[in-house]
Amino acid sequence: MNPRILAATTGRILRQLRHDRRTVALLVVVPAALLTVVYYMYADQPTPPGQPAQFDRIALVLLGFFPFIIMFLVTSIAMLRERTSGTLERLLTTPLGKLDLLFGYGIAFGLAAVVQAAIAAAVAYWLFDLDTAGSSGLVILIAAVNAVLAVALGLFCSAFARTEFQAVQFMPVVVAPQLLLCGLFVPRNEMAGWLQTVSDVLPLSYSVEALQEVGSSAEPTATMWRDLAIVGGATVLALVLAAATLRRRSG
Amino acid sequence: MQDAIALRDLVVDRGGRRVLSGINATVPCGTVTGLLGPSGSGKTTLLRALVGVQVVTAGTVTVLGHPAGAPQLRRRVGYLTQAPSVYADLTVRENARYFAALQGRGSAQADQAVTDVGLRAAAGQLVATLSGGQRSRASLACALVGDPELLVLDEPTVGQDPVLRAELWARFHAMAAAGTTLLISSHVMDEAARCDRLLLIREGRLIANDTPAAVRAATGVDDLEEAFLRMIQATEAGTAGQEAS
Numbered sequence: 001m002n003p004r005i006l007a008a009t010t011g012r013i014l015r016q017l018r019h020d021r022r023t024v025a026l027l028v029v030v031p032a033a034l035l036t037v038v039y040y041m042y043a044d045q046p047t048p049p050g051q052p053a054q055f056d057r058i059a060l061v062l063l064g065f066f067p068f069i070i071m072f073l074v075t076s077i078a079m080l081r082e083r084t085s086g087t088l089e090r091l092l093t094t095p096l097g098k099l100d101l102l103f104g105y106g107i108a109f110g111l112a113a114v115v116q117a118a119i120a121a122a123v124a125y126w127l128f129d130l131d132t133a134g135s136s137g138l139v140i141l142i143a144a145v146n147a148v149l150a151v152a153l154g155l156f157c158s159a160f161a162r163t164e165f166q167a168v169q170f171m172p173v174v175v176a177p178q179l180l181l182c183g184l185f186v187p188r189n190e191m192a193g194w195l196q197t198v199s200d201v202l203p204l205s206y207s208v209e210a211l212q213e214v215g216s217s218a219e220p221t222a223t224m225w226r227d228l229a230i231v232g233g234a235t236v237l238a239l240v241l242a243a244a245t246l247r248r249r250s251g
Numbered sequence: 001m002q003d004a005i006a007l008r009d010l011v012v013d014r015g016g017r018r019v020l021s022g023i024n025a026t027v028p029c030g031t032v033t034g035l036l037g038p039s040g041s042g043k044t045t046l047l048r049a050l051v052g053v054q055v056v057t058a059g060t061v062t063v064l065g066h067p068a069g070a071p072q073l074r075r076r077v078g079y080l081t082q083a084p085s086v087y088a089d090l091t092v093r094e095n096a097r098y099f100a101a102l103q104g105r106g107s108a109q110a111d112q113a114v115t116d117v118g119l120r121a122a123a124g125q126l127v128a129t130l131s132g133g134q135r136s137r138a139s140l141a142c143a144l145v146g147d148p149e150l151l152v153l154d155e156p157t158v159g160q161d162p163v164l165r166a167e168l169w170a171r172f173h174a175m176a177a178a179g180t181t182l183l184i185s186s187h188v189m190d191e192a193a194r195c196d197r198l199l200l201i202r203e204g205r206l207i208a209n210d211t212p213a214a215v216r217a218a219t220g221v222d223d224l225e226e227a228f229l230r231m232i233q234a235t236e237a238g239t240a241g242q243e244a245s
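Chains A and B are the protein sequences, given in the same order.
Quick note on numbering: my numbering labels position 10 of the first sequence as 10, and the sequence is numbered without any gaps.
Quick note on numbering: my numbering labels position 101 of the second sequence as 101, and the sequence is numbered without any gaps.
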């Protein structure tokens, strides 16, 4: 890896994003709009005794989920474009290293996700009185780590798509099982044993648990840091797999 | 004169089909060499092998003294793909500056490359809004920007008007005079006359490797297109003769 090339690549990806104003607007507006819907959905629902309000429970998890879903999609398509437009082939004849490209995407879209998560969190905390025992900064940190995981998975999955039609099909494959089994709908320890096992190997289960820890504890807990480390480890694994799909030579 | 490129018994198969069958050729330093042949003859595959992105079945490809694709060549070889490979959602200038940064060059050199391909007035325009010919020149600027010792250009003049085409060829010769080696593919025979040397391939085989004057002399015709037709007929007659005997 070369810091100068990495910085140039990160800057190039952010510049591409900046030229696409509609995408930027969607990135900023959609999570806030969806949070508004969720707020009014649960506005008249009674809070179960001894539990957090329904909106607090769900909004907290969604703050981690939005950057995951959106950055996965954005990255899959961006990387597929690199592959199909010939820019990837050209890049691989230059001094750019594979990790410069992969980390460039991770940093650029990770930064975009921080902005997105911060705006969504501001809406949730200030407009809708989201109540968490722990700090909102930790919520944004976990959302950002989720986003970088999504970028890594998107970089990897794009290798298995030939077209943009195929690339978007990976979204339900990668995202839906993690959303269903993360503990938002049914607590993980109340699921059938085999579903718990599947849930245990899905990285988002850990980021949801980390968010729930922030929701219930004033200080960051050891469980939260462990969960964050697991999500970080899954990100590194996905990046290594993505690097393995980047071949300088093809047939 | 030292050779910039040396191909020895180069064989490439793609998708179960033999695309290049045993190419032997050398390209001297500081020349403009044309790679000519009909579409589907293997030109792009040969160029991809030179820049090290093509899996090679057999044979060796040596570029500037190193095996093609060696890490130390990535600063010394510039590659223009046939389809313009630039970012459509960046401006011409931003594209050139990015590829310049990859080669360790500054924005002044990037802007110079944009001027060199005649796109100074469109430098601030998004590539997506350019015409086809402008887009391929934007791509060319990104190949020139590192000031490479070897430039591998896949059909750089397609879709350019005659004035620009003449300007680009003048620039290629100026670069060769300054020591750069250029290998330029084309399927337009009238561009052959502008080259110092010619490689003619057909169906994955090299059928000529000489100067335009020598090709004319060998076939006894002045028109290079006609000369190539005769060479192809002669090769085919030769093959047919071998098969008959």
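You may find that some hints are simply not true.
[Stated by the list, open to error] Pair ranges (Cβ atoms, derived):
{"#": "1", "chain 1": "A", "residue 1": "ARG18", "chain 2": "B", "residue 2": "HIS66", "range": "36 to 46 angstroms"}
{"#": "2", "chain 1": "B", "residue 1": "GLY16", "chain 2": "A", "residue 2": "ALA244", "range": "21 to 31 angstroms"}
{"#": "3", "chain 1": "B", "residue 1": "ALA177", "chain 2": "A", "residue 2": "VAL236", "range": "42 to 52 angstroms"}
{"#": "4", "chain 1": "A", "residue 1": "ALA244", "chain 2": "B", "residue 2": "THR129", "range": "52 to 62 angstroms"}
{"#": "5", "chain 1": "B", "residue 1": "ALA177", "chain 2": "A", "residue 2": "GLY233", "range": "55 to 65 angstroms"}
{"#": "6", "chain 1": "B", "residue 1": "THR129", "chain 2": "A", "residue 2": "GLN45", "range": "47 to 57 angstroms"}
{"#": "7", "chain 1": "B", "residue 1": "ARG8", "chain 2": "A", "residue 2": "ALA118", "range": "34 to 44 angstroms"}
{"#": "8", "chain 1": "B", "residue 1": "ASP9", "chain 2": "A", "residue 2": "PRO3", "range": "33 to 43 angstroms"}
{"#": "9", "chain 1": "A", "residue 1": "LEU241", "chain 2": "B", "residue 2": "VAL221", "range": "55 to 65 angstroms"}
{"#": "10", "chain 1": "B", "residue 1": "ASP196", "chain 2": "A", "residue 2": "SER250", "range": "43 to 53 angstroms"}
[Unchecked claim] Here are some of the chain B residues that sit facing chain A, going by a computed Cβ distance under 7 angstroms:
{"#": "11", "residue": "TYR79"}
{"#": "12", "residue": "SER85"}
{"#": "13", "residue": "TYR98"}
{"#": "14", "residue": "GLY106"}
{"#": "15", "residue": "VAL158"}
{"#": "16", "residue": "VAL188"}
{"#": "17", "residue": "MET189"}
{"#": "18", "residue": "LEU229"}
{"#": "19", "residue": "ILE232"}
If you are wondering where the hints come from, they were derived from the structure by calculation, not from laboratory data.
From a predicted model like this one, the values you see are computed outputs, not experimental measurements.
Backbone N, C-alpha and C define an ideal beta-carbon position, used for all residues, glycine too.
Exercise. Against the structure shown, which of the earlier numbered hints fail to hold, in ascending order?
Worked result: Hints 4, 7, 10, 14, 15, 16, 17, 18 and 19 not satisfied by this model.
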